[in-house]
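**Q** I would like the entire structure built from these sequences, with the hints used as guidance.
For the record, the sequence lines run as chains C and A. If you count the first sequence from 1, position 124 lands on 135 in our numbering, and the numbers rise without skipping. If you count the second sequence from 1, position 151 lands on 180 in our numbering, and the numbers rise without skipping.
Some hints here could point you the wrong way.
Claimed, not checked - Each computed SDA-like pair below joins lysine to any residue, with the alpha-carbon atoms no more than 20 Å apart:
1. Lys211(A) - Pro249(C)
2. Lys221(A) - Val278(C)
3. Lys211(A) - Gly246(C)
4. Lys221(A) - Asn153(C)
5. Lys211(A) - Pro265(C)
6. Lys211(A) - Pro242(C)
7. Lys211(A) - Asn153(C)
Since the hints were derived computationally from the structure, they do not count as laboratory data.
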Amino acid sequence: MSLEIEQPGLHTTVQDLGRPGLYHLGIPQGGALDRSSAILANALVGNEPAAALFECTYLGPTFTTTEPTLLAVTGASVQLLVNGDPAPSWATVALVAGDRVSFGYVTAGARYYLAFAGGIDVPEDLGSRSTYQVGSLGGFHNRALAAGDDVPVGTPSGPAPAPGTALPEELRPVFPTEVDLRVIPGLYDHRLTEAGRETLFSATWRLTPVADRTGMRFEGATLDWRERVPPFGAGSDPSNIVDAGYPVGSIQVPNGTQPIILHRDAVSGGGYAVVATVISADLDRVAQCMPGTNTRFVEVDMDAALAARRAGREHLERSLAAVAG
Amino acid sequence: MSAPTETAAGFRYSWGGDEFLFVEVAEEMDLAANFRAAALCQRLAADRPAGIIDICPSNASLLLRFDPDVLAPDVLLARVRELATETADLAGQVLSSRLIEVPVWYDDPFTNEVGERFRDNRHEPDSTDLDFAATQNGLASRAEFISRHHSAPWIVTMVGFVAGLPFMYQMVPRAEQLEVPKYLLPRTDTPKLTIGHGGCFSCIYSVRGAGGYQMFGVAAAPIYDPRQTLADFADSAVLFRPGDVVTYTPVTEERYREIQAEVAAGTWRYDLRPVTVDLAAAVADPRAYNERLLEAPRVP
Chain C
12 MSLEIEQPGL
22 HTTVQDLGRP
32 GLYHLGIPQG
42 GALDRSSAIL
52 ANALVGNEPA
62 AALFECTYLG
72 PTFTTTEPTL
82 LAVTGASVQL
92 LVNGDPAPSW
102 ATVALVAGDR
112 VSFGYVTAGA
122 RYYLAFAGGI
132 DVPEDLGSRS
142 TYQVGSLGGF
152 HNRALAAGDD
162 VPVGTPSGPA
172 PAPGTALPEE
182 LRPVFPTEVD
192 LRVIPGLYDH
202 RLTEAGRETL
212 FSATWRLTPV
222 ADRTGMRFEG
232 ATLDWRERVP
242 PFGAGSDPSN
252 IVDAGYPVGS
262 IQVPNGTQPI
272 ILHRDAVSGG
282 GYAVVATVIS
292 ADLDRVAQCM
302 PGTNTRFVEV
312 DMDAALAARR
322 AGREHLERSL
332 AAVAG
Chain A
30 MSAPTETAAG
40 FRYSWGGDEF
50 LFVEVAEEMD
60 LAANFRAAAL
70 CQRLAADRPA
80 GIIDICPSNA
90 SLLLRFDPDV
100 LAPDVLLARV
110 RELATETADL
120 AGQVLSSRLI
130 EVPVWYDDPF
140 TNEVGERFRD
150 NRHEPDSTDL
160 DFAATQNGLA
170 SRAEFISRHH
180 SAPWIVTMVG
190 FVAGLPFMYQ
200 MVPRAEQLEV
210 PKYLLPRTDT
220 PKLTIGHGGC
230 FSCIYSVRGA
240 GGYQMFGVAA
250 APIYDPRQTL
260 ADFADSAVLF
270 RPGDVVTYTP
280 VTEERYREIQ
290 AEVAAGTWRY
300 DLRPVTVDLA
310 AAVADPRAYN
320 ERLLEAPRVP
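**A** Written out as structure tokens, the structure reads:
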């Protein structure tokens with residue numbers, strides 16, 4: 012069983028839940044940027060949570076199936092078309108051999124996921140099928156899809172939900188154009204002036220088009236740094252530090268302008284001061300921000316972050332239970 | 030839970046969201062700070078509390094990734110503080126490390142071509158990266174700079190930015206550190222295996238791509254092998270580990286071509302020897318210590 016790719020879309024890659032534990036070698040965990048949507052897409056076709064699927068950014072692919080399969084589309088709001096006819100997202104859709112699948116334009120969110128019963132069957136590299144193009148690891152030949160690719164799909168190993176099974180509306184995420192992201196201040200926020208720190212949390216930051224799996228750049232204000240004698244090895248700009256590790260979700264502000272949130276394909280370290288880190292519960296929401304999204308960074312503490320993490324997990328469990336019937 | 034900004038052993042602790050703990054050993058770079066970070070990472074790796082996902086040593090700091098569902102943040106913090114106190118004094122501490130010889134073709138045509146292509150990104154477009162580096166460090170010639178560059182070993186202080194890229198700090202006193210600013214504007218291209226330099230740090234570009242470090246030469250053999258075909262990469266796609274001690278050996282174009290042929294034939298092996306670094310001794314007299322270290326026996 013395979014998928015014959017007619018048009019690849021803007022940036023369609025194979026992802027699973029990534030390869031944790033290699034960050035000390037500069038290899039990011041990677042995996043689906045919106046993990047919850049990926050896990051739910053897999054559940055809707057009877058796959059394990061870590062099965063490989065397609066992550067589509069803004070513009071999706073057009074492809075034809077060579078054999079019958081089940082498809083589920085989750086994540087950003089987009090019209091799924093099967094042979095030109097509308098079909099539902101967040102639902103189990105049965106395809107027959109020769110069906111031509113395409114997509115309309117995204118109306119909310121940025122990334123959507125296509126899971127197929129059996130999962131995308133590309134070789135694992137270092138324990139994962141996630142595409143990490145910089146390091147030539149995973150995915151379909153370590154790269155984004157291209158026209159003419161013939162992408163293999165594995166054999167389903169267990170029962171799947173019946174076609175027509177859908178995640179109830181009230182459990183689906185919404186993707187507003189104004190987003191509050193919860194962050195824990197830290198690493199080098201003490202290098203900002205009082206006014207700079209206040210601006211970080213009061214400003215509205217607009218997502219620029221410079222946004223990919225590694226990082227997303229925002230604009231909207233300028234942060235002031237404290238005067239200092241540069242420490243040996245740090246570099247002369249006040250936003251420079253002696254190169255250090257970067258957490259996933261960390262916010263760095265080179266030169267005090269244009270904060271960058273690193274995402275799951277993060278560079279593992281560098282010489283810019285991190286001033287806060289997006290909490291794990293909000294990383295999926297960062298992944299779904301479209302350019303132009305107005306964003307505020309909301310300061311929370313560890314207890315609030317852990318409560319949000321629990322709430323996120325409970326929501327996912329409820330969603331999985333609803334799909335399982 | 031309060032923000033963990035207090036210090037123990039002079040270290041500073043900070044949360045990177047709910048999955049990362051950052052430990053800053055010192056604000057400025059020196060060998061002692063790096064060794065303290067390395068010693069703490071080594072102890073953490075031996076202790077390895079359940080729920081630790083990544084232990085990432087860096088230049089003068091470390092970053093830990095943990096699963097807060099398995100390991101409560103305050104439990105982790107308390108444990109790290111304990112180990113930091115135990116490892117803060119370098120006296121009597123050793124680092125299990127490896128000595129790796131890296132053949133380098135200095136002043137090669139590949140990096141010179143790219144440097145010329147991006148000449149307007151440099152501080153001095155009409156100079157070369159090596160000449161600029163020599164001048165910046167008050168040295169008479171590029172030959173003298175190259176000599177200083179390979180006459181003392183380097184310690185891998187961090188592996189990262191991208192897959193398998195080592196950052197190295199030369200094991201010499203601060204007054205002898207080679208310092209060169211990065212390009213004014215980063216390049217969009219850097220040859221694979223370029224020997225780069227920014228600030229006081231050397232690096233080897235593991236893959237082709239963007240970069241801002243000055244370019245002095247190319248390493249002759251791969252340092253990242255995602256298909257793990259060469260014998261040195263059987264256990265890991267990445268050659269370097271934080272704490273490795275690296276010596277650069279200048280090679281001629283002829284030797285460079287020979288090594289490339291060995292790589293292509295799959296027979297290339299690095300000269301790679303296990304060493305034990307006495308941290309306090311290395312900090313106290315780097316020059317004398319390096320000479321002893323480089324006498325480590327080759328493993329058959």
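**Q** Take the hints in turn and mark each one as holding or not.
**A** Structure-based check of each hint:
1. Lys211(A) - Pro249(C): 16 Å, holds
2. Lys221(A) - Val278(C): 18 Å, holds
3. Lys211(A) - Gly246(C): 9 Å, holds
4. Lys221(A) - Asn153(C): 18 Å, holds
5. Lys211(A) - Pro265(C): Holds - the C-alpha atoms of Pro265(C) and Lys211(A) are around 15 Å apart, at most 20 Å.
6. Lys211(A) - Pro242(C): Holds, at about 17 Å.
7. Lys211(A) - Asn153(C): 30 Å, violated
Violation of the numbered hints given earlier is confined to hint 7; every other hint is satisfied by the structure.
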